[in-house]
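**Q** Modelling step: build the complete structure from the supplied sequences, incorporating the hints.
Going down the list, the protein sequences come from chains A and B.
Residue 1 is where the first sequence starts when you use UniProt numbering, and the numbers rise one by one after that.
Residue 1 is where the second sequence starts when you use UniProt numbering, and the numbers rise one by one after that.
If you are wondering where the hints come from, they were derived from the structure by calculation, not from laboratory data.
Since the structure is predicted, the reported quantities are computational estimates derived from the model, not experimental observations.
No residue lacks a Cβ here, since even glycine has one placed at the ideal position from N, Cα and C.
Any given hint could turn out to be false.
Here are the computed distance ranges between Cβ atoms for each label pair [unchecked claim]:
# : chain 1 : residue 1 : chain 2 : residue 2 : range
1 : A       : Val59     : B       : Asp216    : 39 to 45 Å
2 : A       : Glu22     : B       : Ile586    : 43 to 49 Å
3 : A       : Asn103    : B       : Ala571    : 47 to 53 Å
4 : B       : Gln167    : A       : Val59     : 27 to 33 Å
5 : A       : Asn108    : B       : Glu234    : 43 to 49 Å
A few chain B residues that face chain A, going by a derived Cβ cut-off under 10 Å, partial list only [claimed, not checked]:
#  : residue
6  : Leu196
7  : Ala212
8  : His449
9  : Ile1015
10 : Lys1017
11 : Val1018
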Amino acid sequence: MVNQGGGGPVAVAQIPTSFGHELRACLRCRLVKTYDQFRESGCENCPFFQMEDDHERVVDCTTPNFTGLISVMDPTRSWAARWLRIGKFAPGCYTLAVSEALNPDLQNICEEEHVPYVPPKRV
Amino acid sequence: MPRRRDDYEDDVEEDDEYDGVDEEDDEADGYDDGGKVKRKRTTSDFIYDEAEEDEDEEEDDDDEDYGGGGGARRRGGGKRHKGASNFFDLEAQVDSDEEEEEEEGDDDFIDPGADIPDEDDRRMHRRPLLPREDEQEDVEEIERRIQERYARSLNVEYDDEATDVEQQALLPSVRDPKLWMVKCAIGREREVAVCLMQKCIDRGPELQIRSAVALDHLKNFIYIEADKEAHVKEAIKGMRNIFTGKIMLVPIKEMTDVLSVESKAIDISRDTWVRLKIGTYKGDLAKVVDVDNVRQRATVKVIPRVDLQALSNKLEGREVPKKKAFTPPARFMNIDEARELHIRVERRRDPATGDYFEKIEGMMFKDGFLYKNVSLKSLSTQNVQPTFDELEKFRQPGETGDGDMSSLSTLFANRKKGHFMKGDRVIVVKGDLRNLKGWVEKVEEDTVHIKPNEKGLPKTLAISDKDLCKYFEPGNHVKVVSGATEGATGMVVSVEGHVVNLVSDTTKELIRVFADNVVESSEVTSGVTKIGDYELHDLVVLDDNSFGVIIRVESEAFQVLKGVPERPDVALARLREIKYKVDKKIFAKDRFKNTLSVKDVVKILDGPCRGKQGPVEHIYKGVLFIYDRHHLEHAGFICVKSDSCMMVGGSRANGERNGNSLTSKFSHLRTPPRVPPSPMRPPRGGHGGHNNFGGRGGGRGHDALIGATVKIRLGHYKGCKGRVKDVKGSTVRIELESQMKVVAVDRSHISDNVNVTPSRETSRYGMGSETPMHPSRTPLHPYMTPMRDSGVTPYHDGMRTPMRDRAWNPYTPMSPPRDNWEDGNPGSWATSPQYQPGSPPSRAYEAPTPGSGWTNTPSNNYNEAGTPRDSGSAYANAPSPYLPSTPGGQPPMTPSSAYLPGTPGGQPMTPGSGGLDMMSPVVGADSEGPWFLPDILVNVRRPGDDTTPGVIREVLPDGSSKIALGSSGNGDVVTVLPNEIEVVPPRKLDKIKIMGGAHRGATGKLIGIDGTDGIVKVDDTLDVKILDMVSLAKLVQA
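**A** Take a look at the structure:
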């Protein structure tokens, strides 16, 4: 599921190694990890951002401003995951909402990769 | 149950289907079989054991499978397609929600545990399972198809996700897992959720929870998604920060609420208003100047809170107080001032912006502001809501109105959804149409359609909501919907730009708010008047042991007018800063030692609020809080020392006051009223003391102290109480209560406001027992009451002749008040000098119990008068209301309620206010008791005789009355002592005569009775008065 449609094994995304301020959330899939984790291994759901190759990308693709945290153990069968539209991502820790949108360039990447991107709804 | 059975049959079928494929896995794990078998058995006894075994095995297989061991997974891949294919073949016909079903298809094959909520669906699909062989042949084909489908679905999803309708389809159903609320350690919510995740990874599929949710706004709890409570319990077992006590199920309806969080829409950017969360500037408004998102820091500008003097001390190595006792007030930095203090100021250019900063001790200043680099986390962006005052302050010195445009726009960015509503009157604040006014017609996401006020414009204009501001006109009645004064309503009195000034309905205060925070409303509310246990106008003690009255309740704090009489001091106190509320009944003394209690009307004699007057609302530690509705500040509350006030017409002081005023009126015959208070105090024990004491009393000032119970307030005997034996010059000899000796004390060392209780008792007691007149005290008392009255009456009547008055005045409690009232100008007497000094005598009687003062006063007067006939009876009656033994006498005779100590009823009616309102006569009556008058119907009771009605014909100077017996006064005329007379209370519509108060002697008609008050229409004036029933007597015209 990680490799969308690739039929590969369901790998669990990295779990944040701390709970403090260094947590960041991927702006597309809302996966939550520490800054270092993103820098070292990128985002499991959004490999096309290639954060691990370009560290500047981490800052662009992730945000420290997010609200709430949900650990999804079983995305496919979790109602919460489905409701939050993260049912198809790898198991892992996600946030309920991020407060920023991807910048247009990165949105274009999503489009090229045929992956959905939903900007956060402003309240 | 039959349905259940079906399910299991299904499972059995599945088992068959999987068995062949997953043998390897079967062997690999059977670790949990035992337990599960057991569980299953309990629920489905009717199923063949075999089948159960199979099922369990299968379930475990699948779990393992899902958990993702490498080999198992590969094999699972094959299986997956098979499982899914069953499903897909049918799915198109069955359900239109492709993706969801697809997902579930996956689920099923992965873990077809018996507990899956969508069993029904599954069963439906599975029923017509095809023979296994066929499927296996198709594996490749199916795989291809799935991939196709998957890819397609992703694209479809692209469009769908955005729509709310689609989201609706995801609403939880009974088949979905449930959310359970679990208590965890505060502040560990995220950690717990992450730990659960880790645990699930470590433990594999044995933990059957689906997800764990930690909300930022919900402390102390996390949610766990699982099918069964047991799963939750299993998962949280052994977790350090989870309290396993109670697991609460979230109702299905509320499940979506749990997950719908408002994303923090406001990101910190330039010009955003923020508040600092920590440090010296905690709570201060700041404006973001620059943001470094990578380092998570921002530069903000705040109004500095720098204590230059302290800084200079530090720099010059002078002693520096270790702990900062206070936070310096926020004010703009004045560089020159700093230089004057020899603080080094560097001028630096910021390489990034090119701006120049003044650098002092590592702090950067510009234009008076401090530029501070802070962590983004230490800024709060939510609900910043700068108040008008803050923004006003923040405006740079010299900057003019237009400068706040940017701040306004950031304010607007902060607005909630649905800020504008149809019908709102708005004004355009930006762009070409600036200052165009109109009404909101329609609101879309970010666009507001307004109907412009001007002619010649299109019917409606679409304008961005950021460019609009609400608009009000003077006279609008509005409600504040956000900010510190939220909830208050009031009338708009003026509009300055985007600031609306309104007068609050409750506090009558002027409130300045942004037009944006206000809606038009006809509602009249007080706003919040209560937080926690504390309400507006409560007297509270704060945690620094200061106290004050809550004069305003804001959304999260109280404004408290502190109990500092010197100057009005208003503090803002949060709920937690309030220790407790003071409810006690506390008394205080006014300047003339009148006892003040709550609701007494007082006049302020000095200080800034001199001349104001109003009822006392609270008393605490000798400080009064007076409510004057003409006082416009502090919600009408004035804080004063009790001794800078004067009770207006202090009820208890009346007698004295009158006496005094009379004194002065009548040629100052008497000792000037500055006579010390105690002279009239009856001696302790009352051993014949009255007369002595009385005899000496009035005339000779010093001696008047003799016999009084005093307290020594200074010197060796400080704190001791005693009775004054002798006065010589400035020395007083006092017989101590506690020690058997007489000591000499300086006169200035004694205080006379001794608690009066003992003396009151004494006097009462003494009189009762010792007066020979009372054969047996108790039963007689009732009858005695009148006696005193009658005894007095003559003087009283006599009062009318000046001579008499003069002679008697100090002892006649009665007439003087009348005189005063008749002046009709309480103000004047209140302030008249003759009067003021007068009060001291009353002191002794002004003791805590309202009753005592009263009762004693007349008695003393008697004593002094030396009335031979004495007193005994008079005393007896006067206090009689308090005598438990004489209840019988009270109703008709005693001015009942007003006298009763502690009865609140009597107090508000203080005679002082008397002159001011119609209640006063009543009170007057109270103070005097019913003095008999001719032509009233009474009952005559003589010991041994029955009660006979009679009509008073004449009241003799000695207090006794000539009474014509018979209810119409036709019978014999007898002379009766006052204590044998009882006034017959009039009934409704009776003709009455008023025995007390300003209208004494007047006749009228009782047109109604309200409790202890009678409503009387006075014959002469045709006025309607409310008078105490006690002062009314039935009139019998001869």
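**Q** Now look at each hint and say whether the structure bears it out.
**A** How the hints compare with the structure:
1. Val59(A) <-> Asp216(B): 39 to 45 Å: 22 Å, violated
2. Glu22(A) <-> Ile586(B): 43 to 49 Å: Distance hint for Glu22(A), Ile586(B) is violated at roughly 57 Å.
3. Asn103(A) <-> Ala571(B): 47 to 53 Å: 48 Å, holds
4. Gln167(B) <-> Val59(A): 27 to 33 Å: For Val59(A) against Gln167(B), whose Cβ atoms are near 30 Å apart, the range 27 to 33 Å holds.
5. Asn108(A) <-> Glu234(B): 43 to 49 Å: 46 Å, holds
6. Leu196: 6 Å, holds
7. Ala212: Given a least distance of 4 Å, the restraint on Ala212(B) holds.
8. His449: 20 Å, violated
9. Ile1015: Hint on Ile1015(B): violated, closest Cβ of chain A at ~63 Å, above 10 Å.
10. Lys1017: This interface hint is violated because 69 Å lies over the 10 Å limit.
11. Val1018: 71 Å, violated
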